[in-house]
Every structure is written in C-alpha cells, then in structure tokens.
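S.K.: Protein chains in written order, with the numbering used here: chain A, 1 to 249; chain B, 1001 to 1426.
Heads up, some of the hints might be wrong.
EDC-like mimics (lysine to aspartate or glutamate), calculated; alpha carbons at most 16 Å apart, straight line [said to hold, decoys possible]: (1) A:233 / B:1298; (2) A:243 / B:1334; (3) A:233 / B:1380.
Short derived list, chain B residues pointing at chain A, Cβ under 8 Å [said to hold, decoys possible]: (4) 1096; (5) 1097; (6) 1211; (7) 1214; (8) 1218; (9) 1342; (10) 1344; (11) 1360; (12) 1417.
Hints listed in this document are in silico derivations from the structure and should not be mistaken for laboratory results.
Keep in mind the model is a prediction, meaning the values are calculated, not measured.
We put the CB at the ideal spot given by N, CA and C, even for glycine.
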Amino acid sequence: MSSSSSQSVSILELYPEHLEASGERGNVTALTARLERAGHRVDVVQHTMGRRLPKDADIVVIGNGPISAVRAVHADLTENAAALRALADDGVPFFAVGAGAELLGGGITLADGTVLGGVGIFPFSARRGVPRQVGYIVIESAHGTVVGFEDNASEWNLDTGAVPLGVVTSGGGNGNGREGVIAGSSIATQTKGPVLPLNPSVSDAIIRAALERRDVAYATSAAHAELDRLAAKSREVIVANVKSVFTTI
Amino acid sequence: MRYIAPVLVGRAVRAVTRARGGGSALPGYIVNKMAPGFIKNVVAQFEYGIVFVLGSNGKSTTTHMLTEVLRGHGLTVFTNPSGANLPQGISSALLSEVGVTGKLKADIGILEVDEAFALELSKTLLPSTILMLNVQVDQLYRFFETEVVADMMLDTAAVATKHVISNRDDAYLSKIGEILAKNGGPVPDVTYFGASPKLVASSAHGLFNAANHREEASTATIDALAELESWDSTGARVRVAGELADIALPAKGLHYGIDAAAALATAAQVLGTEFDLAKASAAFSSMTPAYGRGELLDFGDEKVEFVMFKNAASLQLNLDALPAAPEQVMVAIDEGTPDVSWLYDIDFAQLDHVDVLTGAKAWQFALRLEHEGIPVGTIEPDLKKAIELMRALPAPTTGHKTWVVNYEQMMLARKIIGYGDMEVSF
Chain A
1 MSSSSSQSVS
11 ILELYPEHLE
21 ASGERGNVTA
31 LTARLERAGH
41 RVDVVQHTMG
51 RRLPKDADIV
61 VIGNGPISAV
71 RAVHADLTEN
81 AAALRALADD
91 GVPFFAVGAG
101 AELLGGGITL
111 ADGTVLGGVG
121 IFPFSARRGV
131 PRQVGYIVIE
141 SAHGTVVGFE
151 DNASEWNLDT
161 GAVPLGVVTS
171 GGGNGNGREG
181 VIAGSSIATQ
191 TKGPVLPLNP
201 SVSDAIIRAA
211 LERRDVAYAT
221 SAAHAELDRL
231 AAKSREVIVA
241 NVKSVFTTI
Chain B
1001 MRYIAPVLVG
1011 RAVRAVTRAR
1021 GGGSALPGYI
1031 VNKMAPGFIK
1041 NVVAQFEYGI
1051 VFVLGSNGKS
1061 TTTHMLTEVL
1071 RGHGLTVFTN
1081 PSGANLPQGI
1091 SSALLSEVGV
1101 TGKLKADIGI
1111 LEVDEAFALE
1121 LSKTLLPSTI
1131 LMLNVQVDQL
1141 YRFFETEVVA
1151 DMMLDTAAVA
1161 TKHVISNRDD
1171 AYLSKIGEIL
1181 AKNGGPVPDV
1191 TYFGASPKLV
1201 ASSAHGLFNA
1211 ANHREEASTA
1221 TIDALAELES
1231 WDSTGARVRV
1241 AGELADIALP
1251 AKGLHYGIDA
1261 AAALATAAQV
1271 LGTEFDLAKA
1281 SAAFSSMTPA
1291 YGRGELLDFG
1301 DEKVEFVMFK
1311 NAASLQLNLD
1321 ALPAAPEQVM
1331 VAIDEGTPDV
1341 SWLYDIDFAQ
1351 LDHVDVLTGA
1361 KAWQFALRLE
1371 HEGIPVGTIE
1381 PDLKKAIELM
1391 RALPAPTTGH
1401 KTWVVNYEQM
1411 MLARKIIGYG
1421 DMEVSF
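When you get a sec, could you build the whole thing from the sequences and use the hints?
M.R.: What follows is the structure in structure tokens.
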C-alpha cells in the first residue's frame, strides 16, 4: 500500500441544492476534514440537475429534502440511475440520508399512494405518512453506538435478508426497532444531526472502504484528536438527554 | 355587561400567575371558556382592524416597528408582547387591556401570530390586513417542509378583508398576487416590499429565504411599494412609493432593513392618505431594540450586546451584520433548539474565535467550529459559570462583549445579569 495518495479523493455530492435540507452538507464537511487531517487532498464534485454525472468517484453522498425536492430531482436521477448503479457495483461506498437514501432504494410510497421509483442501490423501500418521529436517536451498530437527530414520517421496509445499520436503543428509526440499511460498504440512514460529524467511526468506515478500493492507506492521528473529543462529548450529552428532548408529533 | 364576570375571573387568575413568577396563557384560556364571543366582540371595536404579522423570522421586530410607526401617526395600538404569538397568549394580552365591560380603547390591533395557528386565529380575529415576511427554514421538526409553512401563510392571507402585504423576494410569498388574482375578488389588494436587487446581490449569503422546489420562479418583475436600498451601521435607506427616506434601525442588518421596509409598506396601506413618511422616519428614530435583537445591556462596568438566533437564517444574517469579528464572544445554545443539523449550513467566517461556549449543545457547536478551525477558549455547559468566565475577561476595547444566544439561553442570561423583567406569555 502507498502511504498517502498523490491523487485526490473525490466525493460526489448529489443534488446539494435540493437534498441537503437537514444539514447534510455537514456529512461532506466531516469526510473532508477527516481526510485532509490524514494528509489526503479532497475534491468535492457537486452533481446538480442537468449536469453530466462524473464517471468515477471515491465516495457518493446524498441527503434529505422535502417531497417537492424529491419530485424535482426524480427525472434527472432516473436518467443517471445506471451510472450510479455502476459506481455501486464497482464498490464505491455511498452514504445516503433520508429522502435521498429513499431515492437510492427500491422506491417511495407517498401518503396518497403514489409510488416514486428508486435507483435500487439499497435493498429497502420507504412508506411515507406514518406518525412522525422527532428527537435524538441512539443506535447500536457494527461501528459502535451511532447517535443523531431523527425527524421523519417514513417507515423503511428492508428487503428479505437485508441488513440494517443497527438496532435502535432510543428513538424510532425504520419503525420496527431497526435503523437504516447497509449494502456492502454503503450506508443508508434516517439519522440527521448531521450524523457523520457526530460519529467519527462511521466516517472512518466509509473513508477506509473508499481508500481500500484504491489500495491507499488511511490512518487517523493527533490531528483528529480534537474532532474526536468534541464528538465524544456531544454524544455523551445526546445520550444523557435523549429522553428529555422530544416526542412523537 | 356580560363580560364583567369572565374578565374579572381572568384578571384574578392573571394576577395569581404573575405573582408566582412569569406570565401564563391560563387567564386567556379561562376567559375563552367562560365567554366564547369575548375576543370577537373586543376586536370588532378596532377602527383600523387587525393586522397579522406572519413569517419565519422577524415577526417580533416588525410588529414592534409597525406599532411604533402607527403610534407616530397618533393611533392607539393594541399589540401582543414580543414572542407571545400563540392563541392563548394573545387572549391573555387582550385581557390585560380591556375594561371590565369588554371595552378596549385602541384604533388598531397589530399581532404577531405563529404561522401554525394563523388560519385558525383568523376565524376569531377576522384580520383586515395580513403582512407576510418570509419563508425560511425554521424548526423543521415542527413543520418538516417549508412549503407547508408557506401554505399556512398563503392560506391565511386569502382571508384578509382589506390588504395583503408580501415579500417580493420570497420564492413562495411572491406568488400571492397570482394566487389571489385567480380567486378573482377585488379584495384583499396585494402590495409588496423588498430589497433592491443590487443589495441582495451584494449580500454574502443572499436573503436566506427557502428554496421553492414546486413552482417555477416568476420572470415578471414585481414592483415594491417599499424597497430597501441600502443599510449601514447608522440605519437604512428605504424608498417608499418613489420617495427616499433615511431611517434609523433599532438593530443592524440586512434583515432588519427589510423588516423596516415591510413595516413601512404595511403602514402605508393601512393608513392610506394619512400615511406620512416623515412621521414614520421620526418613529424609527426613537425605537428601542426588541428583546435580544442587538440590545446593549449593562454588565458591570461593561456592556453586553445580545445577538439572538432561532434558526439558520437568523444566525447567518446576524453574523453577516457584525461589522467585524467581535472581540469577546460567548455562544450559548441549549436543548431549546432541538435540531441543530443546520449548523453545518452556516458560514462562520465572521467569527475568528469564541471565548466561551455554553449550554447543553455547546459541544455540538464546538464540534462544528472545530471543523472550520475556529478556536474556542473554554467550553462550560453551565450558563452561570460561563457568564462568570466572561466577566473575568479584561474589558474589551470596543466597550462591549458579544453574546450569541438562542432564545432560551437569552432569557436565562438576562435574568442572571439582572434583566429578568420580561413576562413570558406562552
């Protein structure tokens, strides 16, 4: 393995104008900060409607948005579905949140029964119009405890055999005691906050998967210590206040 | 006469709840129960009707501005205390003003109203005029989608019996003209306020209004009755019906300038030929800031400037309005701001450091700043201790310290430094 990359790491950010309504820019910020502090150069490419999707990327990120935004990007996304699936098949890790994750899944059944087709990268489908879950959420996962803020009226039904991101210990999640879904090294979640700054272990898992694919090593160092300390303190308070902050609306 | 008993009971409850510290919505609730027609009869007495002030941000400030402008024209104004914008808070406020027989001596009512309750309240209060300020991403956990908030305002606007005043530069609210034209009636009439395109283009982060993903942007130019041309540390220049006026602002910033334009457009519509721009300007000169909006309070021998934020838009626009990186800064944020995902949408370039970070969400705020490499002195989750840390700092050369606070931490901080005089009526 080469110790560091002369090539920059590219993060493909899908529809930032439409699908970053819950601060998902922060997921890109977290990945970028951790990569840069490990000595890697980062190149963030934003894909907006009507633009050509780049052929390659090391990490693909998508976020949450209102239904109007989901409808707005749907045609462009469908047009690029094959290209996105090719990236996923190539082992490029995706990190997807909320409505964006649902678009990359099997589809979304809206409250009125309309179905919006998905790209099929994540093995689940979403049903909207269920009681809204709002507040801090805590999940036990393969990456340790994952914390964040959830705000959704969406139930995620995983395909047979699909593996969730984790088990909910506090909060709503998918609606059946599980939260999110994984597909290889890709992660889909309903957790906001945004989730990656608060959960360095998840960020590192995505980064490692991306760089292993290129045979590049990744190691955190003293430069990450303050990010990790503040995330740990934030997580402590979230776990302590998890019950006091919110309710089901 | 039929209101004497309910009013007296309501007042007694009010006196008791105030004596116990803080206000309460309870007295208004009791009067509503005892005499359901009470409010309708009271508000029918207003000669100039009722004005609803709606919007994601700026309701308290604009209500205050409009109230003072109309008082400057000699009107007696009934208004609700800053932030008391939920139904029972409004009832309680009315109760404190009426005589025991239900008579209220005011020419007009100007009420800031929470958008979630606006349509419901309009059935009782029958507003003649509706002012809509903006649709910005606010409390997503309460509304989820900004278009839901937009529709709450647009639907309420349609019931105004005389005037609608709306924001030309808002992607949702600028549609009200088309919407009402489709309804076909001559009333309400629609008037706009706005900021000059040049001013918007020169703003670091624009207006921070919510994006409209469901409708195409209109290509037609909409005229604004009141347009903000510029603002600086001394005030704002506003053009009202072609006439220029330099006015003082109670708080500095692009958004406060736009609030002033909104207040001026509304005053012009409500007053008609009685509106006098010179009187309006004079009213702005003597205005004091609303709670936490650029207020300077005594802090020992020094002063503290409070910069309050509720959401991404108010934090960004307030940061952008700072003339330079503040010399001494405390940031206070607690669980009163439940979802802080939007912290990662904020550009913190206006801060070169933070001295003290406090509140339950201090760590999350610090984590955000660490991603930008902005140094934080001390993180002290306890507000009282944090204030003592600020007190221990040497006197700033500017003469004041800057405290960037969410609403809940502002109320606590005011109390701690001896300004706990506000009645919270909701």
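S.K.: Check each numbered hint from earlier against the structure, then list the numbers of those it violates in ascending order.
M.R.: When the structure is compared with the hints, numbers 1, 4, 5, 8 and 12 turn out to be violated.
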